[in-house]
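There are 2 protein chains.
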Amino acid sequence: VIIDLGVFADEADVLRFEKGARIFTEGEDGKHMYVILEGDVDLRVGMARVETLGQGEPFGEMALIDLSPRMASAIAATDCTIAAINEERFLKLVSEHPTFALQMMGVMAGRLRLMGRKKLGFR
Amino acid sequence: VIIDLGVFADEADVLRFEKGARIFTEGEDGKHMYVILEGDVDLRVGMARVETLGQGEPFGEMALIDLSPRMASAIAATDCTIAAINEERFLKLVSEHPTFALQMMGVMAGRLRLMGRKKLGFR
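Residue numbers (the numbering used here), protein chains in the order written: chain E, 190 to 312; chain H, 190 to 312.
One or more hints might be untrue.
What the hints assert, rightly or not - Below, simulated EDC-like cross-link-like pairs (lysine to aspartate or glutamate); rule was C-alpha separation at most 16 angstroms, straight line:
(1) H:Lys-220 / H:Glu-285
(2) E:Lys-281 / H:Glu-285
(3) H:Lys-281 / E:Glu-285
(4) E:Lys-281 / E:Asp-199
Derived from the structure by calculation, the hints contain no laboratory data.
Model the full assembly from the supplied sequences, consistent with the hints where possible.
What follows is the structure, encoded as C-alpha cells:
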C-alpha cells in the first residue's frame with residue numbers, strides 16, 4: 190500500500206533532506222508523521238536497518254496515533270523530499286479523505302502481517 | 190484503545206455466540222471484521238492464546254483491510270454479542286465516522302507496539 194500523493198499537492202510543510210541526514214531518532218517524542226514525496230528513507234533500530242521506504246510510503250505515524258516515542262530512527266537513504274504532517278493536519282486528512290485513512294490502515298496491516306509472518310508466527 | 194459503540198446502536202448484523210464457540214479460524218478467508226458489544230473473545234494461533242479481548246475491542250480487521258487470510262482463530266471466551274461488519278459497512282464507517290478510523294488506527298498501533306516491544310525490539 191502506498192499513499193495517494195494527490196492530497197499533498199499543496200502541502201505547506203515539505204521538507205528536503207540530503208542523503209544521510211537524520212529525520213528523527215528512536216526514543217524521541219514525535220509530533221509529525223511523514224510521507225515520502227521523492228527519494229528513499231531507511232528505518233533503523235539501533236545499528237540495524239529494518240526497512241527502506243520509497244515514494245508514497247508513510248512513516249512515523251505511530252507517534253501521532255498513540256503519542257508514544259519513536260520506535261525507530263529515520264535516515265535519508267537518498268536526497269529526498271518529504272511531506273511533514275502534524276496532528277491537526279492528520280485529523281483533517283482522516284476526516285476529509287477516507288481513502289487516506291484506508292491507505293494508512295493498509296500500511297499498518299501490512300506491517301503487522303510482516304512482523305507476524307516473518308518473525309513470530311504471531312497472528 | 191476501544192471502539193466507541195455508539196455507532197453500532199442500530200447494527201443489523203449482531204451475532205450471539207455461546208462460550209467456546211468458534212467465530213473464525215486461522216487461515217480462512219474473511220469477509221467481516223467484528224467489534225465486541227458484550228463478552229470476551231480469545232485469539233489463538235495454533236493451540237496458544239495470544240490475546241483476550243473485551244467490550245469495545247475490534248478483531249478480524251486485517252482480513253477486511255488487506256483481504257488476506259485470518260492470522261488467528263477467534264473463540265468466544267464467554268457468551269458474547271458481537272457486531273459483524275462487512276466491507277461496505279466498514280467503508281461507510283470510515284467515511285462517515287472519522288473517530289472510528291482513528292480508533293482503528295489506534296488499535297493497530299497498539300498491536301504493532303506490543304509486537305515490537307515485547308517480542309522483537311523491531312521498531
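Agreement of Lys-281 (chain H) and Glu-285 (chain E) with the hint, judged by alpha carbon distance not exceeding 16 angstroms
Holds, at roughly 13 angstroms.
Would the pair Lys-281 (chain E) and Asp-199 (chain E) pass a check requiring their Cα atoms to be no farther apart than 16 angstroms?
14 angstroms, holds
Verify the proposed pairing of Lys-220 (chain H) with Glu-285 (chain H), using a straight-line Cα cut of 16 angstroms.
21 angstroms, violated
Within 16 angstroms, alpha carbon to alpha carbon, are Lys-281 (chain E) and Glu-285 (chain H)?
At roughly 13 angstroms apart (the allowed maximum being 16 angstroms), Glu-285 (chain H) and Lys-281 (chain E) satisfy the hint.
The structure fails hint 1 only (numbered hints given earlier).
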